[in-house]
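Participant: Spelled out, the chains give:
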Amino acid sequence: MSELEILDLSVSFATGGGDLQALNKVTFKVPEHRIVGIVGESGCGKSTLIDAILGLLADNGRIDGGEILFEGRDLTKLGAKELREIRGPRISTVFQDPMGALNPVFRVGRQMTNIQYRSGLSKREKARRAAEMLRRVRMPDPEAALSRYPHEFSGGMKQRIAIAMAMMMEPALLIADEPTTALDATLEAATIDLLLELQNQIGCSMLYVSHHMGVIAELCDEVVVMYAGEVVERGTTRQVFLKPRHPYTQRLIECDPARLAGRAEKLPTIPGDIPDLRARPSGCVFAARCSLREEVCGEPPPENVREGHMARCHRAAEN
Amino acid sequence: MSAILEVRDLEVAFRVGPLVRRRSLLAVAGVSFDVRPGETFALVGESGSGKTTLARAVNRLQRVSAGSVNFEGRRIDTMSRGRIRPMRQRMAMMFQDPVGSLSPRMRVGDAVTEPFRIHKVEASLKEETERLLSLVGLPADFANRYPHQLSGGQARRVGVARAIALRPKLIIADEPTAGLDVSVQGEVLNLLNDLRSRLGLAMIIITHNLSVVSHVADRMAVMYLGRFVETGPTEEIFRAPKHPYTAALLSANPEPDPDKKSARISLPAEVPSLLARPAGCEFHTRCPWARDRCAKAAPRSEGRNRLVACHFPLAPNASPPEKETVQ
Amino acid sequence: MLNYAVKRLGLSVVIVSVAMLLLFSMIYLIPGDPAAVALGPRATEAMREALRIKMGLDKPVWIQFWNFFASAWQGDLGREVLSDRPVAQVVLEQLPYTLALIASGIIWSVAIGIPLGCWAAVRRSSFADRLVGVLSVAVIAVPSFVIAIYALLIFAVTLRWLPAIGAGEPGDPGSQIVHLILPSLAVGLGWVGYIARMVRASMLESLEASHIRTARAFGLPDRQITYQYALKIAILPTVTLLGVGIGQMLSSAVFAEIVFARPGVGKLVYDAILTRNYPLVTGAVLVTTVLFVLINLLADLIVGALDPRVRSGF
Amino acid sequence: MFAADSDAVGAFRRIFAEPLGGLGIVLVVAMIAGAVFADLLAGADPFRISPRDRFLDPSLDHLLGTDHLGRDLFSRVLHGGRIALSVALFSTAASLAIGIVLGLIAGFGPRWLDNILILLFDAIKSFPTVMLALALVTLFGPSLTAVIVVVVLVNVPGYARIIRTQTLALKSAEFVAAAESMGAGTARVLRVHILPNVIGPLLILASMDIPVVIAIEAGMSFLGLGVRPPTPSWGAILNDGFTAIRDTPWIAVAGGLPIILTTLGFTFLGETLRDVFDPRLRGRG
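Protein chains in written order, with numbering that gives the first Met the number 0: chain D, 0 to 318; chain E, 0 to 326; chain L, 0 to 313; chain S, 0 to 284.
The set of hints was computed from the structure by calculation and includes no laboratory data. Among these hints, one or two may not hold up.
[Claimed, not checked] Here are the simulated distance ranges between beta carbons:
id	chain 1	residue 1	chain 2	residue 2	range
1	E	R20	L	G167	25 to 35 Å
2	D	R128	S	P109	34 to 44 Å
3	E	G302	D	Y116	30 to 40 Å
4	L	L293	E	R21	43 to 53 Å
[As the list claims (entries may be wrong)] Listed below are several chain S residues computed to face chain E (Cβ distance under 7 Å; list not exhaustive):
id	residue
5	F89
6	A92
7	E173
8	S180
9	G182
10	P195
11	D246
12	P248
Quick caveat, the model's predicted, so the values are computed rather than measured. The beta carbon of each residue, even a glycine, is placed where N, CA and C say it ideally should be.
Required output: the full structure, derived from the provided sequences and hints.
Facilitator: Given below as structure tokens:
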């Protein structure tokens with residue numbers, strides 16, 4: 000059974016230069032108690048996808064079609080009030096920027112009790128839960144931390160507070176949007192350990208968004224590779240990283256400098272830029288940068304699925 | 000061959016805090032290294048390690064409080080402002096933000112030829128623009144663009160073109176791949192490698208990303224709280240790191256391979272403040288291998304080609320001791 | 000907070016001192032003899048000499064400044080020329096009228112401006128938002144004395160709805176309030192625009208902040224996000240603006256008092272200029288300057304109380 | 000500054016595309032034309048006193064009627080525009096020049112000089128505008144120079160602070176460090192790398208201050224502290240109207256209307272300029 004299922008989701012933004020199609024028929028599932036990674040470079044639509052799931056698209060954005068099924072309900076059809084009841088208690092989010100994620104003029108304790116407003120607990124009980132959660136993310140002196148303001152914490156500590164807030168809701172699904180990108184590498188490891196530990200204790204599913212393939216490979220059960228607003232490849236982590244079927248995924252893994260142990264004369268790259276999303280190519284979105292391009296790539300590529308491993312490529316059958 | 004740059008016991012101090020309680024902190028706390036012609040030297044460290052301050056001090060953008068910097072055999076840290084300016088033709092610097100290090104209202108063509116105007120070098124600026132842009136693989140019509148019309152990778156190329164404009168002997172590149180997508184990072188590193196071999200440049204590359212280092216640097220130094228904790232040939236350090244911090248940094252950079260579930264060395268606690276440096280070995284508060292002695296005595300950097308500031312250098316493939324789990 | 004308040008107070012004292020120095024330099028730099036100017040052309044040389052000694056003008060400049068400075072800090076602003084009463088006393092008698100005028104101007108411009116700004120921010124880009132935008136700009140642009148005269152012309156002279164001159168019967172609050180309406184309109188109308196614009200702009204900015212996204216991602220009610228999380232940050236620049244704005248309101252009050260023939264510091268100074276009562280002019284300028292500095296201090300303290308970052312970053 | 004020449008036409012179009020921008024341009028152009036061609040348009044001599052024609056109602060001969068000395072009001076209003084415009088242009092230019100220099104010194108110079116300048120700006124700013132004007136006029140006597148000195152004193156601290164803040168922000172920007180690392184001296188850094196990036200917003204803000212300057216001139220003349228009679232000024236006309244407001248209200252209307260239309264025109268134009276060129280400034284004071 001899936002916690003979250005996204006079907007043919009398309010999202011576009013009205014801009015001065017015409018409609019920008021940010022997501023095009025995005026489909027994937029997040030099974031219960033699993034961690035699904037979304038990987039892609041800038042402009043691939045990761046952030047738009049999260050906003051769409053949370054119902055927080057900007058004013059000029061709209062969902063053109065598709066479904067976001069969560070606990071049997073289609074989130075795209077829900078009103079603002081029903082979405083609010085899901086956001087927070089059922090789906091919690093940890094955002095990329097720990098510096099800006101907390102309101103600068105309220106104490107940490109107040110922000111952590113405010114989000115429990117639906118719990119019906121007493122004020123003291125809410126504060127106790129907040130302190131308990133801070134203890135679980137290994138915040139030194141959690142009670143004192145509650146009465147401090149966000150700017151008094153370092154970036155790593157702020158991210159722990161953000162994680163504590165998200166986990167305190169005991170959600171069914173945790174969305175982690177590049178939670179370690181703004182942190183130093185040696186803090187990253189501890190933060191990921193913390194997320195994993197809490198995810199195990201609470202038993203939630205996790206959607207982990209990152210551009211860092213090493214982290215995704217290490218952490219996730221399944222992987223969704225996005226390019227220019229489309230899912231180009233999807234499968235288990237082993238399938239995608241060991242036997243990538245889409246040329247983009249193949250090149251992306253090759254490019255990761257962590258992969259090459261020794262010193263290479265020439266590092267692999269992917270020449271070219273992502274296409275203009277206001278005028279999506281009618282065929283394969285990656286064709287313009289693909290070294291295996293042939294005539295058929297001008298046609299929309301089919302979803303080629305083998306053993307649950309999907310690649311959206313005309314030549315995927317060969318791999 | 001003699002070194003093009005010699006840095007000895009360099010210190011940079013900042014004064015912080017309000018007037019009444021002004022305190023001094025050492026952002027760079029005594030480092031020494033050489034860079035030889037044609038060589039790439041990497042400075043690796045995380046935020047607050049002092050690597051950028053060190054680079055700025057070498058370039059004299061930052062006042063040096065102690066120690067010396069010799070460039071091409073001449074001591075430059077005590078040189079007057081007027082004397083230092085001609086030196087900057089031969090020592091170029093590239094900054095972190097590819098777009099932000101270009102003057103926002105200056106076209107690309109003017110930006111890459113700015114060094115010629117500053118140093119009043121006689122040249123056909125139009126020809127030089129074309130030559131430089133083609134050297135870094137940009138079409139000539141980019142000369143008319145403004146920085147905000149460039150992608151990160153393109154802006155980085157413009158920065159490289161500007162840096163090599165006057166054929167410097169040494170380039171200092173601060174985080175040359177920061178903010179770039181993985182597929183573009185390679186382009187920039189290839190370009191730097193290529194230029195180095197073609198123009199015979201020496202380079203200092205400053206980065207927090209170890210995987211960048213392994214592909215471009217001959218030698219490297221790992222910085223923590225303003226000091227070098229480990230220095231040596233890149234290959235050797237990658238093969239067998241001896242300082243626990245180096246080992247932790249290396250392990251924090253997992254390969255995209257699900258079967259190699261890497262043994263990450265998870266460092267506890269926060270980075271100490273430069274105003275309250277830990278006693279003894281400054282890394283002991285976060286070191287998984289720390290023993291009693293580490294909190295008491297500061298280790299000395301030992302070795303000739305390979306320097307390690309640790310009481311108990313690691314054996315190859317060491318894994319951290321099991322912690323007693325307190326629940 | 001105490002630390003911040005003490006530092007901020009210290010800064011205010013320094014600013015007032017520098018302002019005094021400037022004022023003194025201006026007086027000292029006047030071409031000609033202040034005693035001669037004060038006494039007018041008909042005075043005899045002996046009278047001038049007597050006044051010079053009385054004003055301390057025979058002493059070296061730094062002693063003159065020190066005398067001016069020291070007595071001013073003790074509240075002694077000299078004596079006015081006509082009735083020989085202490086300047087401080089004369090100014091303080093008139094101050095309540097001016098304060099009442101400014102206070103009423105602020106109260107209703109805040110009461111209308113803040114909700115209007117929020118309302119426009121929430122309905123961004125709608126017709127209502129654009130209308131609020133144009134009207135705010137329009138009322139800011141038109142100078143207050145023109146508003147005063149047109150208000151006088153329309154409501155007092157033509158329609159005869161409201162009284163044209165004076166501050167109302169002493170001891171009759173009803174009459175005093177009626178007499179405040181037109182002057183406070185002249186003083187406050189522009190500020191409705193300023194405040195509405197500032198609140199709108201800072202609301203839009205704070206609604207885009209990433210912590211607002213976090214708050215929404217935790218399902219907090221929109222009302223709480225807008226009026227608690229965003230407004231508390233958006234109000235900060237408005238408080239600072241109001242502190243600065245009271246200086247401009249003091250200026251507008253001068254015109255309003257003259258046009259509506261109200262008592263007040265502005266009218267006092269204006270009359271003093273016409274009668275060459277210079278000690279009164281400099282004294283009143285100094286009092287309003289101190290008042291303005293105090294109000295800015297208050298505004299900064301409020302901002303400090305609301306924003307922990309300001310307190311620690313000072 | 001405002002990007003390249005080729006963009007100028009486009010920018011002008013964008014200003015006109017905004018309804019307020021169009022209205023602003025029309026009002027401002029009308030005001031400037033009225034001032035420049037005052038002699039041609041008005042016909043009557045603004046100084047000619049004619050006791051027989053006192054307080055005439057508006058008519059074809061006297062479009063706005065006459066004042067208490069029988070002078071043609073329409074002509075005086077047009078000539079008043081000259082005073083308003085020249086004061087605005089001259090004192091804004093002077094404030095800009097002084098403000099930029101002081102701001103660059105404060106922002107790029109040594110810390111102690113910055114502290115002194117900031118203190119000085121704050122002290123000047125702490126005088127309420129009209130009070131400062133009153134004090135100055137008391138000391139120097141009413142004149143056009145006094146008006147200009149007041150405007151410069153009022154504007155310079157604000158302009159200098161803007162330049163200072165932006166310079167301080169840019170001082171640590173990477174492109175400035177890059178210029179220094181290439182060997183550029185202070186003068187070149189300021190001229191080539193800092194000034195072009197800080198002057199745009201200031202020019203826009205200064206253009207939005209023009210109506211404020213016009214208001215200060217009119218206000219001081221209204222109080223009899225600015226332009227000396229018989230020179231025509233909108234403030235002085237308004238004061239004449241105020242004196243006679245119960246019997247001949249049109250004089251007050253005639254004196255106030257050009258002030259309203261001009262300040263609105265410049266404000267609408269300035270706002271549109273800002274929105275078109277630098278939307279980030281929106282909502283600043």
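Participant: None of the hints should be skipped; say for each whether it holds.
Facilitator: Outcome of the hint check:
no. : hint                          : verdict
1   : R20(E) x G167(L): 25 to 35 Å  : violated (55 Å)
2   : R128(D) x P109(S): 34 to 44 Å : violated (53 Å)
3   : G302(E) x Y116(D): 30 to 40 Å : violated (60 Å)
4   : L293(L) x R21(E): 43 to 53 Å  : violated (31 Å)
5   : F89                           : violated (28 Å)
6   : A92                           : violated (22 Å)
7   : E173                          : holds (4 Å)
8   : S180                          : holds (4 Å)
9   : G182                          : holds (4 Å)
10  : P195                          : holds (5 Å)
11  : D246                          : violated (59 Å)
12  : P248                          : violated (52 Å)
Of the numbered hints listed earlier, those contradicted by the structure are 1, 2, 3, 4, 5, 6, 11, 12.
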